[in-house]
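Asks: Sequence:
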Amino acid sequence: MNCTSRSKNQPKFASFQGNADHSWAVQIEVMKIYGLGCLHFFSHLFSDCILHPPRVLPYAAPQMLMSSLPAQNHAKLGFKLKLTSGFSESLVRVPIMPLTNHSSCLRVQCVGTGQNDDGFYMRRCVELARKAVGHTSPNPVVGCVIVKDGKVVGEGFHPKAGQPHAEVFALRNAGDLAENATAYVSLEPCNHFGRTPPCTEALIKAKVKKVVVGMVDQNPTVASRGVKRLRDASIEVVVGVEEELCKRLTEAFTHRMLTGKPFLTVRYSLSVNGNLLDQLGEGVIESGGYYSRLLQEYDALVVSSSLLSENISLPSSREPGANQPLHIIIQRSSTSSIPIPMINDEVTGKVIVFTDSMTGAAPEVAQKGIETVALDQINLDVILDYCYRQGLCSVLLDLRGPFVDFEELIKEGMEKKYFNKFVTEILPAWNGCAKEDSAMTLKSLGQGLEVTNLLSKSSHGSVVIEGYFKF
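Residue 81 in numbering that gives the first Met the number 0 is what sits at position 82 of the sequence shown, and the numbering runs on without skipping anything.
Honestly, the hints are just simulated from the structure, not real lab data.
Here a beta-carbon is modelled for each residue, glycine too, at the ideal position from N, C-alpha and C.
Some hints could be false.
As the list claims (entries may be wrong) - Distance windows between CB atoms, simulated:
# : residue 1 : residue 2 : range
1 : G193      : Q278      : 14 to 24 Å
2 : V450      : G193      : 29 to 39 Å
3 : S457      : V403      : 50 to 60 Å
4 : R388      : F192      : 17 to 27 Å
5 : G368      : R129      : 25 to 35 Å
6 : E285      : W429      : 18 to 28 Å
7 : E242      : Q366      : 42 to 52 Å
8 : Q162      : K208      : 42 to 52 Å
Whole structure, please, built from the sequences with the hints as guidance.
Replies: Quick look at the structure:
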């Protein structure tokens, strides 16, 4: 089977060349390396032999990729791989290990030029850091990788506030191999004594020869002092590798540090014809669903007491090992009292009720040990200040229940520019418009407001759109 490109104007593709028994070629263009260390190819070939592999995640290792190919005799296969984005911009020769009778994958050893390996290892740092999402506030999530002679010899991440930082765990993992190695860290190493000693001193003591930093710490206590200390110790320092990725990773921490308020996100659901819905899509609360992951990511969740009056228990993340958010319940005098059976003993230590009338909170709430704060008027300033004092970095306002419970909070958030991000779930439903369309009120707020960095994804049967407000 002979395969050629459709025209001379097409980009050059890498190709697989078969042996004498199976003369065939497959043209492949790898658009991006995003992670998992695997390239999963389609199990069939198109008529023109153009194969379009799906993207993979940011932490794909340049040393080892796995490729699943159609059933052929690949014992003598070899190919050239062109990466248009990733750790190498040039053509590299890629030897392929022979398959065994029990293997369905080709083990690929990628020999890159090394010119873009810094970005690759930084993406691995980000992957490690995400293991602690929801556990580190008021600290940021940070990952660290120690590399020597092209091999990872140590890895670590900051698990929670008060425990050693990522660099310390990675250096412990590397041991003596850290000497003359390169340390990759997603956030500038600290150079001050807090709950733990400075990470700069740990790196200097380990005699690393180079440190690659994803982003400079926005904390005024650090503010490039870590970079300066390392350079003063004759350690080469590179700053700004995969900077935007690292900034997104620590956006809540940075926002809290610079503004004195937690990072605030509003979440709501819409029908496909644009009406506000008081529900979540099927499956999104289960492990792996977007809503379950949101609850894992955010430090606090604001909900209406009306949600509980509908016999819905307090939302919780189903992700393995998730640290559940603080549940902030808005109890207005116009709504019924909070049904205590919906608040189980597992979460009572992480629940607070804000009410504009003490008569609205049932006596059982106090008996359960749940803190209640009575206000003349429930507002975002009080809620955000409370969360800040608790050391929380991020708050999710979940618009479920009657929209009137949130209307004043939404107006305040827009007028005072408190909202940073939105998450919109579009359910596969078409519903009629009520006489009082809550969505119209939501649409009328902040008209002409620009949103940026839109991202869409699917979660079970729903489409989820995320973006940032630009005030």
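Asks: Given the range 25 to 35 Å, decide if the beta-carbon distance of G368 to R129 lies inside it.
Replies: 33 Å, holds
Asks: Honestly, do E242 and Q366 meet the 42 to 52 Å range at C-beta?
Replies: Since E242 and Q366 have Cβ atoms about 51 Å apart, the given range 42 to 52 Å holds.
Asks: Hint says 14 to 24 Å; check whether the CB-CB distance for G193 and Q278 agrees.
Replies: With a Cβ separation near 44 Å, G193 and Q278 fall outside 14 to 24 Å, so the hint is violated.
Asks: Starting from the hint 17 to 27 Å, judge whether the C-beta atoms of R388 and F192 obey it.
Replies: The hint (17 to 27 Å, Cβ to Cβ) holds, given that R388 and F192 are roughly 23 Å apart.
Asks: Between V450 and G193, does the beta-carbon spacing fit 29 to 39 Å?
Replies: 36 Å, holds
Asks: Look at the Cβ atoms of Q162 and K208 and judge whether their distance stays inside 42 to 52 Å.
Replies: 27 Å, violated
Asks: Given the hint of 18 to 28 Å, check if E285 and W429 actually sit that far apart at their C-beta atoms.
Replies: 24 Å Cβ-Cβ, so the 18 to 28 Å window holds.
Asks: Within 50 to 60 Å or not, the Cβ separation of S457 and V403?
Replies: This hint is violated: roughly 31 Å between Cβ atoms.
Checked against the numbered hints given earlier, this structure breaks hints 1, 3, 8; the rest are met.
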